[in-house]
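Start from chain Y and add chain Z according to the hints.
Respectively, the protein sequence lines represent chains Y and Z.
Just so we're aligned: the first sequence equals residues 43 to 368 in my numbering.
Just so we're aligned: the second sequence equals residues 81 to 420 in my numbering.
Treat the hints as calculated values from the structure; they're not laboratory data.
Please note that a few of the clues may not be correct.
Incomplete in silico selection of chain Y near chain Z, CB under 7 Å [as the list claims (entries may be wrong)]: (1) Val58; (2) Val60; (3) Ser199; (4) Gln200; (5) Ser213; (6) Leu344.
Some chain Z residues flagged as far from chain Y (calculated, every beta-carbon gap over 12 Å) [stated by the list, open to error]: (7) Gly192; (8) Ile277; (9) Trp323.
On a predicted model such as this, the values are computed, not experimentally measured, just so you know.
Note that CB positions come from ideal geometry on N, CA and C, so glycine has one too.
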Amino acid sequence: MINLLSFTVKRLLATVVVVYIIVTVVFFMAHASPYNPIKILLGQHANQQNVAALSRKYGLNQPVGTQYVNYIGGLLHGNLGYAEEQSYLGDPVSSIISTYLPVTMKLGGYALLLSLIVGLPVGLVSALYQNSVVDHGGQSIMILLYVIPTFVLAPISQLIFGAVLHWLPVSGWGDSGWSLFGLIPNPGQSLQEMILPVTIYAAGLAGFFAKSFRSFMLEVLRQDYIRTARAKGLKSRVVIYGHAVRNTLLPLASIVGPVVAYLILGAFIIELFFSIPGIAYLAATSIINSDYSVIEGITLVLVLFVIFVNMLTDVFYALVDPRVRL
Amino acid sequence: MATTEDQRLSPPSVTGGTAELGSPAAAAEGISSPILDAEIGAPTRVSSPLRDAWRRFRHNWAAMISLGVILIIVIMAVFAPFMHTSNPLNPNYLYLNGAPNGSNWFGTDGLGRDIYSRIVYGLRPPLLVGLIGTAITVIVGTGIGITAGYFGGVIDNLLSRFTDLIFAFPAFLLAILVVSLYGSVLDPVFGGAGRVILLTIVFAGVSWPPLTRFVRSLALGLREQQFVEAARTSGSSSFKIIWRHLLPNIYGLLLVQASLITVGIIYNETTLSIFGLGVAPPNPDLGQMVYDGASQLGTGVQAGIFAETIFPAVFLAVMLLAFSFIGDGVRDAFDPRMNS
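In isolation and in its complexed conformation, chain Y is listed as follows (with noise of 0.2 Å):
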């Protein structure tokens, strides 16, 4: 348990450093940039008793060291700075951000759902079956799945069942009318509206944890345990189920925690294709309207997440496999 702790702590530290020196980066590469967020602000006709007030105002008229040291006490207390962009002028990009993630969140959240749900189970019955006419053909789907592009079968995808067959709408994201915490969909627009992006992410996750999942189901069966386990003449199903199955959790945990992590990164493209508002689009649109601050925001709000998601797993992992910790 000391060992546990001290990993965790040790992983923890390694952690902030690296939060750090990233939160320092993005400051000073902002920072190096060619744009002015007043200049921005005010247009390109501002004249110069204005920009020196704005500037007094953000306190950016300091010495850099004095900025860098005002960034970093703002972002402990949650303060990712103020959106420049005309239709939310001001606001806390905190906020800014607050608002759309959940979105994203429920789209990652659906398709990691579904392509466990499909996944898992194709991956298992390839194992059962392997080489058999089952795991060949599910396993060609699964990879074809896996190794299509996002930018190509999101768009083809729109094309055929919503432009030409019309059964899913093209694009779009109703959030109205989400019942229980905004958890579940109703039955209707939004519903309809979520079938095709959340299959659509969902396709190329199932296609990664049916393949890899065949992979860590051959490798426990073929462990002298499972074979001892048959010889003492468990049934069939004990076996795959109580030993095999159970075996295959940790390898399994290792590649679902960096999915995780990178959930909500994986949802960007198919956010732009569907023109779901989450943080994808969130992070387009202040693109295009040159709102740094919020991209900045996005930016680190993003890698923390990855960066804390990977530390669990490391974590969970140390928990469930006391070999780590050595």
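Chain Z alone, transformed into the frame defined by chain Y:
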């Protein structure tokens, strides 16, 4: 498989003979044996790991077809000025979102620009960024990895921590941030190519950490091998050991990684292009074209919109799949055991 093993094993002894007979000294003395020369003539092609790999690669039809496809695509992109049918930037307001016909093979987009010509030119950004970015990534990643792995100790520690740091930063986000902050910095210097150069540098700058870790682990294993020890004992410098003994042993694996990195960079370039951070419009870029087409799908059934969605997407898919297949082929070629 037995015959190939034989071929691989037999040549050295035979070539030993040729070297003796065919040496300048022997020739000067007039010693020659037509019978022996004829016998030895055929198998003098020494088999090397590289040649073996190429032979195995040639028999992998998926990889060979992919190689052909990539060659065709590269030729199309390089010779775009001779391949296009009309100026990719010229709008034709009389034929907006037009269906494919004799003069517009893939139809026209929302501004009446020829989609085929735009695709031919649009291949350039992903290919340039992908291939040059990969070359830089491989050089940087291998350099750092092999240095860290070979020297170990403090150097390894410093380089590895640095690698971990860059590795922790999601490459794609860093690219978005850098390109949106510095997007047009290089444009005044390099003209329209500034964005492509920036993208190349950015992706090369964030893609190397995984390769570095991989190369480091290989170098850690190789430096304990006896041939490295022998080279060190006989007084070879560290640089020479790395250059002559370590690198040749990892060429195959590097090639495999390179194809994976190319796929990754092209994927990211396309994504950034969809975000509007690729080459500046009106210059064509495949990702931007697909997105333009797809975003108009809701507006109604028009052949040009379908064409603008499908054709660039197909080109992207084919290009990425071909690079993946080449990577698989190279892996199987250099390590046939993986296949079994």
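Exercise. Report the numbers of all earlier hints that the structure fails to satisfy, in ascending order.
Key: Failing hints, ascending: 1 and 3.
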